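K.L.:
Residue numbers (full-length UniProt numbering): 1 to 432.
Careful, some of the hints might be misleading.
Simulated pairs of lysine to aspartate or glutamate, EDC-like, Cα-Cα distance not exceeding 20 Å [to be verified]:
#1 Lys123 / Asp205
#2 Lys143 / Asp346
#3 Lys29 / Asp127
#4 Lys188 / Asp167
#5 Lys363 / Asp333
#6 Lys303 / Asp212
#7 Lys398 / Glu378
#8 Lys188 / Asp36
#9 Lys148 / Asp332
#10 Lys151 / Asp36
#11 Lys188 / Glu279
No wet-lab data here; the hints were simulated from the structure.
Since the structure is predicted, the reported quantities are computational estimates derived from the model, not experimental observations.
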Amino acid sequence: MKNKIIVFVLLISLLLPFSYVDAHEKVFKINTSYDDSNNIQIETKDKSLIIDFPDEKRYEFSTIHLLDEDGIEHNGQWYETYEPIEYSIVNLEDGIYYLQIFIRSEKDGLYWGYIYGEGIKIKLVNDSVEILMSEVYERNLEKYNSIKNDKLTLQYYLQPSYWVESDNEKIVSLANEIIDGIEDDYEKVRAIHDWVCNNIYYDYDAYYGYSDYDSISALETLESRRSVCQGYADLTAALLRASGFPTKVVSGYALGLSVDSGWDDKIISSGESNHAWNEVYVSDRWVILDTTWNSNNNYSNKKFSENTGLSDYKYFDISIELFSSDHLIVSDDSEADEYASSYYLDKVKVTPAKKTLYLNNSKKRTVTIKSSISKDAEELGVKITYKSNNPKVAKVSKKGKVTAASKGKATIITTIQIGTETETFKTLITVK
Numbered sequence: 001m002k003n004k005i006i007v008f009v010l011l012i013s014l015l016l017p018f019s020y021v022d023a024h025e026k027v028f029k030i031n032t033s034y035d036d037s038n039n040i041q042i043e044t045k046d047k048s049l050i051i052d053f054p055d056e057k058r059y060e061f062s063t064i065h066l067l068d069e070d071g072i073e074h075n076g077q078w079y080e081t082y083e084p085i086e087y088s089i090v091n092l093e094d095g096i097y098y099l100q101i102f103i104r105s106e107k108d109g110l111y112w113g114y115i116y117g118e119g120i121k122i123k124l125v126n127d128s129v130e131i132l133m134s135e136v137y138e139r140n141l142e143k144y145n146s147i148k149n150d151k152l153t154l155q156y157y158l159q160p161s162y163w164v165e166s167d168n169e170k171i172v173s174l175a176n177e178i179i180d181g182i183e184d185d186y187e188k189v190r191a192i193h194d195w196v197c198n199n200i201y202y203d204y205d206a207y208y209g210y211s212d213y214d215s216i217s218a219l220e221t222l223e224s225r226r227s228v229c230q231g232y233a234d235l236t237a238a239l240l241r242a243s244g245f246p247t248k249v250v251s252g253y254a255l256g257l258s259v260d261s262g263w264d265d266k267i268i269s270s271g272e273s274n275h276a277w278n279e280v281y282v283s284d285r286w287v288i289l290d291t292t293w294n295s296n297n298n299y300s301n302k303k304f305s306e307n308t309g310l311s312d313y314k315y316f317d318i319s320i321e322l323f324s325s326d327h328l329i330v331s332d333d334s335e336a337d338e339y340a341s342s343y344y345l346d347k348v349k350v351t352p353a354k355k356t357l358y359l360n361n362s363k364k365r366t367v368t369i370k371s372s373i374s375k376d377a378e379e380l381g382v383k384i385t386y387k388s389n390n391p392k393v394a395k396v397s398k399k400g401k402v403t404a405a406s407k408g409k410a411t412i413i414t415t416i417q418i419g420t421e422t423e424t425f426k427t428l429i430t431v432k
């Protein structure tokens, strides 16, 4: 799904108020990005906002204003500076407002909406300012903090898959070409992000149903140079994996073209997804990328747009605070957990495979079934059960101790569950 691109032309803005669910948490400082070159820090001070832009040319000119809940604009200010701005809102009545920040890199031209709509919610009360987090912030933060970075999880997100053909010769060759000469891993990720934003076009014909979704996989997207969000995310993942970076294709819900309101309980609790993006592991952490929303390329009426491409870096290493204004993470690491479960199960050994017990020998009347399981598997959850197919011959306890009961043969079935995966092992018991 594509986001809504907001353009501010001098004194004219077209912004409509959205509904909003009151957030659970208030803060007094937020960052918009974990990338210093793109981070806007917003901090409250008395009845002002201290807004600190990065020292980058694209942030040289800015205009800031607030929208109230009726969509009326207040306190419009224009700035030409890299220095921290003290944006005063002392003359406004107590209530709820939405911060709007538009930026440009040249004196003349268009201001692009960096923060708009309900992106950042401000509450004025008793001569103080509070920043209220999105309704989905806590959910996203919990999901983000629970992402694993153990060896097997990273290994899983390096593998090619049906839609992410990271081992394809064309994709491997392109990935090598994009990152050639770049030493820093973080900048390699940025280069791949930039290439996708500049060279892939959002297929509005497919989105609106005028044509079929022919380009979804990474390879299909590369060859056609157009797709919807799924293709953007698949190709981004394929290029990053081909370059050695574990990368997830994340599904979730986004407030873009198909959504006319803000977050509400119905959307949040539905578990539905309408968008896809990426999380890549680089510099010992997971970084969020949305190449769809950082590109203004479009394919419409069977034509590719011109003079478009990478629009900005808002969704490159975006902070959870700002990300939660219009994205809800839905998918999880269940597939990676299944991979790890299978990996550990494949290495399990259960002994003995067979054993002879003797009724009249107390030392040889019992045996304990033993399982070799990696300690690392315990994080996924390990459950072991035992069952005898012939308890009249051999009984087995909950802890795997087998005791001869009468002469004959029996099979002890050991069932081991690691995470979501299960395997059974057999031990043949002969009683004499």
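K.L.:
Could you run down the list of hints and mark each one as holding or not?
P.N.:
Hints, verified against the model:
no.: 1; hint: Lys123 / Asp205; in the structure: violated (41 Å)
no.: 2; hint: Lys143 / Asp346; in the structure: violated (29 Å)
no.: 3; hint: Lys29 / Asp127; in the structure: holds (17 Å)
no.: 4; hint: Lys188 / Asp167; in the structure: holds (18 Å)
no.: 5; hint: Lys363 / Asp333; in the structure: violated (48 Å)
no.: 6; hint: Lys303 / Asp212; in the structure: holds (15 Å)
no.: 7; hint: Lys398 / Glu378; in the structure: holds (19 Å)
no.: 8; hint: Lys188 / Asp36; in the structure: holds (16 Å)
no.: 9; hint: Lys148 / Asp332; in the structure: holds (10 Å)
no.: 10; hint: Lys151 / Asp36; in the structure: violated (28 Å)
no.: 11; hint: Lys188 / Glu279; in the structure: holds (15 Å)
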